[in-house]
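As given, the protein sequences belong to chains E and D, one line each in that order.
Each residue of the first sequence is one higher than the one before, starting from 1 at the first, in the working numbering.
Each residue of the second sequence is one higher than the one before, starting from 1001 at the first, in the working numbering.
These are calculated hints, taken from the structure and not from any lab test.
Note that this is a predicted model, so its numbers are computed, not measured.
One or more of the hints may lead you astray.
Claimed, not checked - FRET-style restraints, in silico, Cβ to Cβ:
(1) F433/E to D1211/D: 43 to 49 angstroms
(2) P1226/D to S13/E: 31 to 37 angstroms
(3) L11/E to L1049/D: 35 to 41 angstroms
(4) R444/E to W1164/D: 44 to 50 angstroms
(5) L4/E to P1119/D: 23 to 29 angstroms
(6) G1077/D to G383/E: 35 to 41 angstroms
(7) S13/E to L1230/D: 32 to 38 angstroms
What the hints assert, rightly or not - Here are a few chain D residues that sit away from chain E, every Cβ distance over 12 angstroms (derived from the structure):
(8) V1029
(9) G1098
(10) T1145
(11) D1253
Glycine included, every Cβ here is placed at the ideal spot set by N, Cα and C.
Now for the letters of each chain:
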Amino acid sequence: MYKLLLVYKYLLSRRIALASVLSVTLGVATLVVVNAVMTGFATEMRERIRGILSDIVVEGGGIDGFPDVAGHMARIERAVGDKIAAMTPVVETFGLLSIDYMNQTQTIWVKIIGVDPVGKTRVGEFAEHLLYHRGPQPPSFDVPAPLREIERVFLQREGLVPDDWDSPSARLLPPQPVTSPSAVRGGVAPAEHQQQTDGYLDPNPFDDGPETEPAGAAATDAPLDFDHAPADASMGIVVPYLAVAYRDPVTKQDRILLPRGCPVRLVVPGSGKRPRPRFARFVIVDYFKSGMSEYDQTNCYVHIDDLRRLRGMGDRATSIQIKLKDYADAPYVVRTLRQIFPPGLYRIATWEELQGPLLAAVDTERRILTLLLFLIIAVAGFGILAIFSLIVVEKTRDIGILKALGASDAGIQGIFLGYGLALGAVGSAVGTFLGLQIVWNIDRIEHWMSVWTGREIFDRNLYYFDRIPTVVEPQTVALVAFGATMIALLASVWPARRAARLRTVEALRHE
Amino acid sequence: MSEAALRWQAVPSAPATAAEPLLRAIGLVKSYRQGAWPTRRRSLLRRGLDLLGRLRDGADGIEVPVLLGVDLEVQPGEFLCIVGQSGSGKSTLLHLLGTLDQPDTGEIWFEGRRIDRMPPRARDRLRNEAFGFVFQLYHLLPELTVLENVVLPLYVRYGLLQYWRYRRVWYQHARVLLERVGLEHRLHHKPRQLSGGEMQRAAIARALIADPTLLFADEPTGNLDPATGLEILELLLALNREQGLTVIMVTHDRELAALADRRLRLHAGRLVPEPDGPQLGVASPAQPTG
Ligand SMILES: Nc1ncnc2c1ncn2[C@@H]1O[C@H](COP(=O)(O)OP(=O)(O)O)[C@@H](O)[C@H]1O
Ligand SMILES: [Mg+2]
Chain E
1 MYKLLLVYKY LLSRRIALAS VLSVTLGVAT LVVVNAVMTG FATEMRERIR GILSDIVVEG
61 GGIDGFPDVA GHMARIERAV GDKIAAMTPV VETFGLLSID YMNQTQTIWV KIIGVDPVGK
121 TRVGEFAEHL LYHRGPQPPS FDVPAPLREI ERVFLQREGL VPDDWDSPSA RLLPPQPVTS
181 PSAVRGGVAP AEHQQQTDGY LDPNPFDDGP ETEPAGAAAT DAPLDFDHAP ADASMGIVVP
241 YLAVAYRDPV TKQDRILLPR GCPVRLVVPG SGKRPRPRFA RFVIVDYFKS GMSEYDQTNC
301 YVHIDDLRRL RGMGDRATSI QIKLKDYADA PYVVRTLRQI FPPGLYRIAT WEELQGPLLA
361 AVDTERRILT LLLFLIIAVA GFGILAIFSL IVVEKTRDIG ILKALGASDA GIQGIFLGYG
421 LALGAVGSAV GTFLGLQIVW NIDRIEHWMS VWTGREIFDR NLYYFDRIPT VVEPQTVALV
481 AFGATMIALL ASVWPARRAA RLRTVEALRH E
Chain D
1001 MSEAALRWQA VPSAPATAAE PLLRAIGLVK SYRQGAWPTR RRSLLRRGLD LLGRLRDGAD
1061 GIEVPVLLGV DLEVQPGEFL CIVGQSGSGK STLLHLLGTL DQPDTGEIWF EGRRIDRMPP
1121 RARDRLRNEA FGFVFQLYHL LPELTVLENV VLPLYVRYGL LQYWRYRRVW YQHARVLLER
1181 VGLEHRLHHK PRQLSGGEMQ RAAIARALIA DPTLLFADEP TGNLDPATGL EILELLLALN
1241 REQGLTVIMV THDRELAALA DRRLRLHAGR LVPEPDGPQL GVASPAQPTG
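Could you put the whole structure together from the sequences, leaning on the hints where they help?
Here it is as C-alpha cells:
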C-alpha cells in the first residue's frame, strides 16, 4: 500500500524525474508519427501497386504469351472459380514511344500493356489512374470525334494529311509525307511501305519462319514510315503521364506537353520466332498517373485487340490477371493454379510476390527506423537510470525510515520499480497522445512548418498525394508504448535494487 | 536499583525464569569497519577494491570497536534512559536492540524470543508491530502530510484491500493520537511547515499508531530547545505512566535523564549504572570507571 502512495507522491513532487521521461515521451511520439506515416505510405503504395497488378497474375510464354486464352481461363474457372471475382487477359511487351514536341522527336522505351478496359477495370484499379477519366463507365480506347479533330490538326501541321481529309480516298491511301523524320532514313519504296503497313494486320504471323521468309527478311525488316498507316485507323493509347508532362520549377505546376488527340508513334516487337518491329500510330486518349513514378514513367495502355493485331499474335495473351473475392485465399489459389499450369512454362504469383523486393525494402526501412528510434528511447532509459540513482541517494534517509517502520527490502525495491513503471507509463501515455495528435493533424502541422521554414517539407506533387497518408496501427502504437514503459522499468531495476540493499542504519545516518 | 544492576551484570546465559524481562541483551559486541560500503551485500567491484586495499594496507580496513559486550535487561513498563558521550555508541546500541542492525556477537531476546538472528521478513514485521522509533531528526517523510506520516506504519503493514476497508478507522486513530500529542491543528501540513517540536510530536504519534510494546527514542530532544525538549520528554513520560509503554531513551542531557526510572551510562563500550539524581549537576565531569 505504502508503495502506491509513495509512487504517487513521488510522481507529483519530483519534477526532475518527469523531465527525465521527457525523452521517452518524445521518442514514443516520434515513433508513433514515423510509424503512422511510413505505414501510410506503404499502404498507399501497396494499394496502388495492387490496383495496377491485380491480386494474382498467371504469366507464361514470354512476350509472345500463350495461346488459347479462353481455354486457360476456363481451366482457372473450373479449378478455383468460386474464389475468383474477375479475371482478364493481358498482353504485355516492351516498345518504343516516339513523340514530337516543338519539332523535336523524342523516343523513350515504354512498357506496352494491352488490356480489355472493361475486364481490367474489374480486376483492379485502372480508371482511377486515368487523368481524364470521369464517371462510372469503364474507360475506353476509342478515339472520340473531338480528339480525331485534334489529331487531324496535328497531322495536317506535319503535312501528313491532305486538306481533303474527309474524302474517302484520303482515308484509304494517305499520301507520301512532304517532310517527315523518317524520310531521312528513307530510300524505301512506297510499295514496300504499303506491304509493311499491311503486315501488322497479318492474320497468321507465326508462319514466318526462315523457310517462308528467306532472303526477303532484310527487305521486310527495313525501316518503315509510321505515317503511312491509314490516318483514321490510329488507335487510342494511354501514355505514361511522366513521359509527357513537365514540371515548372517556379510554379510547381505540371504542364502536359502533348494534349489529348496528339498522335504518337509506337514500335513494338512482333511475335513469332523472329520478332520484327511493328509500327503504328496511336492517338493519346488519356494519361496514366498512378502516383507510382515507376509506373507513371513507363506504363502505356492500349486495347488488347489492337496490340494483338499489331503484333500479329492472334488471341494470345502474356498473362491473365485475377481478382479474388477474398485476398486471404491467395495462397490456396496460387497453389492450386501451380498444379494446373506447369511451373516451367507459367509463373503464378500474387502481386506481393511480384513486387516483393520493393515491398520488402519499405518494410525493412520501417523496421530499421523503428529500431533506431527505440535505441533513442533506450538512451532515454540511461537518463532515467542516472536520475533514479540520484533520487535513491537523495531518498536514502527516507528508505531508512521506511525500513525502520517495517518495510521489507522487496517493498523498497517495489517503490522504485513502481516509480519507474509509473514514469514510463506516464511518459509513454503522453508520448502516444502527442504522437497521435501529430498524426491526426499532420497536414496542418506540415503546412504550418512549411510556412515557418519557408520551404516545402512534403512535396505533394512528388507523390501525388493531396494529403500525407497516415495509418495508425493500434497494435504498433500499443507495442511502442509498452516497449517504452518496459525500458523505463528496466532502467529503474538497478537503482531499485540498490535502494533495497541499503543498510538501514547507514540510511538513517545519511545526511 | 543496584540489586537489579548487579543482576544484569551477572547475567546467566539462559533466559531468566523469574520476572521475565521484556528485552534482554547478552554480551553485545559491535564494531564498524571504517569506510564500509553502505549496502549490505557488497558488489563484486567493491570486493575487488577491498582486496586491493587489503593488499596495500596489509589489514582488513580499520576496525572501530563500538560496543564491547553490552548486557541489558528491560522490564515491562520501564522508562530506561541511556546516557553517554557523543560517539559512545548509544545509537548503535539502540539500533541493535531495535533489530535495525545486527551485533557481531551476543544475543537479544524480546518477549522470550531471540530476535537478533531472525529472518529479515520476521524482523521487519517485529519492528512494524512491536517497536516504535523516535529519532533525533524526526525522520518524517517530506512528501507526506502529518496525518499520512502518522498512518505510515499501518500503510506498511497492510495491503491495498485493507487500506480501502479500514482507512477511516486508521485516520480516526491517527487523529486521536495527534490530538494526544497536541497536533490536531496540523493534520494536513507537510513536515517542513512544522517546527522542530511539532515534527517530533508527529514522529511520536507515528511511533504509537501501531500500538507498540517498546518505544525506542534516540535523542528525541537533541535538536530542540530546552523548553520544547522538556515538553517532549514529559509527553513520553506521560505515555509511560498512563499506558505502561516501555521506553528506552537515549540522551546526553542529564537533566532530562534524571526524570527516567533508571539510567545507564554507555562508557567504553559497556553499560554501567548512572548515579541517581540531578544532585550531581550538569557541570560534574565525574564519570564512573567502566
Ligand atoms: N556505519 C558506521 N561505520 C563506521 N563507523 C560507525 C558507523 N556507525 C557508527 N560508527 C561509529 O561508531 C561510534 C558510535 O556511534 P553512535 O552509536 O552514533 O554514537 P552516539 O549515538 O553515542 O553518538 C562512532 O564513533 C561512529 O563513528
Ligand atoms: Mg546518536
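Here is how each hint holds up against the structure:
no.: 1; hint: F433/E to D1211/D: 43 to 49 angstroms; verdict: 47 angstroms, holds
no.: 2; hint: P1226/D to S13/E: 31 to 37 angstroms; verdict: 35 angstroms, holds
no.: 3; hint: L11/E to L1049/D: 35 to 41 angstroms; verdict: 36 angstroms, holds
no.: 4; hint: R444/E to W1164/D: 44 to 50 angstroms; verdict: 46 angstroms, holds
no.: 5; hint: L4/E to P1119/D: 23 to 29 angstroms; verdict: 26 angstroms, holds
no.: 6; hint: G1077/D to G383/E: 35 to 41 angstroms; verdict: 55 angstroms, violated
no.: 7; hint: S13/E to L1230/D: 32 to 38 angstroms; verdict: 35 angstroms, holds
no.: 8; hint: V1029; verdict: 16 angstroms, holds
no.: 9; hint: G1098; verdict: 7 angstroms, violated
no.: 10; hint: T1145; verdict: 10 angstroms, violated
no.: 11; hint: D1253; verdict: 21 angstroms, holds
Violated hints, in rising order: 6, 9, 10; the structure is consistent with all others.
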